[in-house]
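Undergrad: Now for the letters of each chain:
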Amino acid sequence: MGSPVLDKGPEAGVPEVRRLKSDGTPWRERLFQLSLWASLAVGVVFLGCLLVYIVVEAWPRLNFRILTNFPDIIDPSQAGAQSAIMGTIWVIGFTALYCLPVGFLTAIYLEEYADPERWWNRAVEINIQNLAAVPSIVYGILGLGIISRGLGFGQTVLTASLTLSLLVLPTVIIAAREAIRAVPQSIREASLALGATQWQTIWRQVLPAAVPGMATGSILALSRAIGEAAPLLLLGGLTFITFNPTGPESAFTVLPIQIFNWISQSRSEFVSLAAAAIVILLVILLAMNSLAIWLRNRYSHRW
Amino acid sequence: MKSHASLRRPVAPVAPVALTAVVLLAASACGGSASGSASGDGGVEGDLSGTIRVDGSSTVAPLSTAAAQLFQGENPGVRVTVGTSGTGGGFEKFCAGETDISDASRPIEADEKAACQQNDITYEELQIANDGLSVVVNKDNDFAECLTIEQLKKIWEPGSKVNNWNQVDPKFPDEKLELFGPGTDSGTFDYFTEAVNGEEGASRTEYSPSEDDNVTVQGVAGSKGGMGYFGLSYYEENKDELKVLKIDGGDGCVEPTSKTVQDGSYKPLSRPLFIYPKASSLDKPEVEAFVEYYVENSAEIAEKALFVPLNQTQQADLNKDLKRLQEQHGS
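Chains as they are written, first to last, in the working numbering: chain U, 1 to 303; chain V, 1 to 331.
Just so you know, these hints were derived from the structure itself, not from any lab.
Here are the in silico distance ranges between beta carbons for each label pair:
(1) G222(V) / L31(U): 37 to 45 Å
(2) K239(V) / V52(U): 27 to 35 Å
(3) G222(V) / C49(U): 15 to 23 Å
(4) L51(U) / T205(V): 32 to 40 Å
(5) P116(U) / N119(V): 42 to 50 Å
(6) Q312(V) / E269(U): 28 to 36 Å
(7) S290(U) / S280(V): 44 to 52 Å
(8) G97(V) / V283(U): 35 to 43 Å
(9) P26(U) / G159(V): 54 to 62 Å
(10) F64(U) / S280(V): 39 to 47 Å
(11) E200(V) / N121(U): 45 to 53 Å
(12) P158(V) / C49(U): 36 to 44 Å
(13) G198(V) / E125(U): 49 to 57 Å
(14) C49(U) / D174(V): 33 to 41 Å
Each residue gets a CB set at the ideal place from its N, CA and C atoms; glycine is no exception.
The shape of chain U in the complex, shown without the other chains (with noise of 0.2 Å):
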C-alpha cells in the first residue's frame, strides 16, 4: 500500500461528504484565515512600530551611563536610571514576595477545600473577581490611606509593594485557581484512594501539575505590577533620587515614575532619556519573562 491509496482512500470512501464540505468554504475560509493574519497583524504591528520608534529615540541614550548614572536635572546627558531600575527590582521582588504566596494558598483553599455551596466561600470568590477590575488608583488611594499612613509605613519600598501585591493578587489567585481546576478530578481519586492524605494529594500531585499554569498566570500578574505608575505616584513615589533602596524600609522611585518624569521635561534630551529608560523596561520585562518560560518548560516535564 502507497501513499496513493491513502490519499485516494476518503475521496472515494465519502465523495458526497466531501462535496457537501467543499461547497463553497474557500473563499469563507480565506476570509477567515485573513481576518485573524490580520488580527494578529494588529497586535505585531504595533509592537513593531511602538519598538523601532523607541530604539531610534533613544538610540543616543543608548549607553551605559544610563545604567550606571543617577538622575540628574542639570545636564542630562549625564543622567541615568539607575535608582529607577534598582527601585523597579526591589518593588517587584518585595511584590512577589508577598503576593505569590498569599494568592497561591488562597487559590488552594478556594478549590480544594472551600465548600461553594456556602455562601460565604461565593461571596469570597464573587469579590476576588470584582477586585481584579478595580482601577489601579484605586488600590493607591488604598495604599496611601491604610499602608502608608493607618501602618505608619511611610513613602518606603515596603508600601509600595504591598500596595501592588493588593493590586495584582486577584489576578494571580484566579490564574491558579484555573491552574489547579485544569488538573484532572482523576489525579486526585487515584491519589486518595492509595492512601494519601489530602495534604499529600495536593503537594505531590496537584501542585506540580499546577506549577505551569500559576508560574504564567504569576507572570502576567507580576508584568502589571512592573509598569504600574498611577498608584505609586498617588503614594508619593519620587521623581528625584540619587541613591538605591537599601531595604524595604527605603524611599525609592521605579522606571514608570521615571520615564513619566523625564517625558514632561521641558529640554528634548530628556525624551530621548525616556525612550532609553523605556528600552532597559523592555529588557527587564523580556528577561524575567524568558526566565519564567524556561521555569514554566522545566516543571511541564516533570508531569
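With chain U held as given, fit chain V onto it using these hints.
TA: Relative to chain U, chain V alone:
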C-alpha cells in the same frame, strides 16, 4: 486622558518565586555597595547626614531637584528626595507631617493652613524663583501678535463659544481656533484661570488638556489655528516650533522674557514660586543647611532649572527671611 496612560505600559510578563530570590539578592548586593560609596569624602559641610524629603508642585520640582543635586555634590552624606505630588498634594503630605519641605507654585491656601495648624505644623514661606506663563500660537500664525487679558478671557472663560480667531478680533482671518492647555490638577491651570478668568479653576472645558506640557507644544505646533499656555521654559525650549504672544494686562503689550518676568512688567501671567520648609525640620542641621544653600544659590539654581531668578527686591526679602530663620533655628 490621565497622563499615566501615555506611558504605554508594555504588556509583557515577569516571573515567579525562584526569580524573586535572585532579584532580591542582586538588589541587596547593589544597594549595599551604593550606600557604602555614598558616605565619606567629607568637605567643609560634608559631615552632615540624614534624609530630606521634598514634595509638591511639579513646576517647582526642577528647582528643588537642581538644588538637591548641587547640595548633594557638596554634602554626599545627605540624601535629598524630591517628589511631584502637585502643589495641593504636596501640602496635604506636608501638613500630615510626612515631608520636610513643600514645593508650591502658588501661596498656601486657607484650608491647607487649617490642616497644618491642626497637626501643629508650622512653616516658613520662601519665594525662590519667578515663572512666566507663556501663551503660544502656531509658527504660521501671522495675524496674532498681542492679546489683551479681556480677549484671553473671552476665549478661555467657562462656557466660551469662541471657536474661530475672527471671533477673538474681527480683524483676524477666518481660522479655526484649537485650544490646548494643562489638565485641572496642574498649578499652572490654577494660576492661569485665576489670572485670566478671575476665579481659580474656572475654565472652558472644550480644549485638549494634558498633564504633559510637551503634548501641548506638539498640539499647537501641529495646528495652524492652535493656541496653548504653559510655563515659559517650555516655550524657550521650543522656540523653533512656536510663536509666543505678547500680553496686554492694561499697560500695553509685553512679551514674556526673563527680564519682563523678573521685573514684574509681564503681568498678570508672572507668578512666584515658593518652598515651604517645616519649622521643626529646620532644627535639623541638614535641613537648615539645605535651605540655606537653596536660598544663597537661588539665582544659579533658577538658571540651571530654566526659571527666572528673583529680582533685587525679592532677593533682599529672601535674604532677610533667611537671616531671621538662622537666628530662630540657631546656626
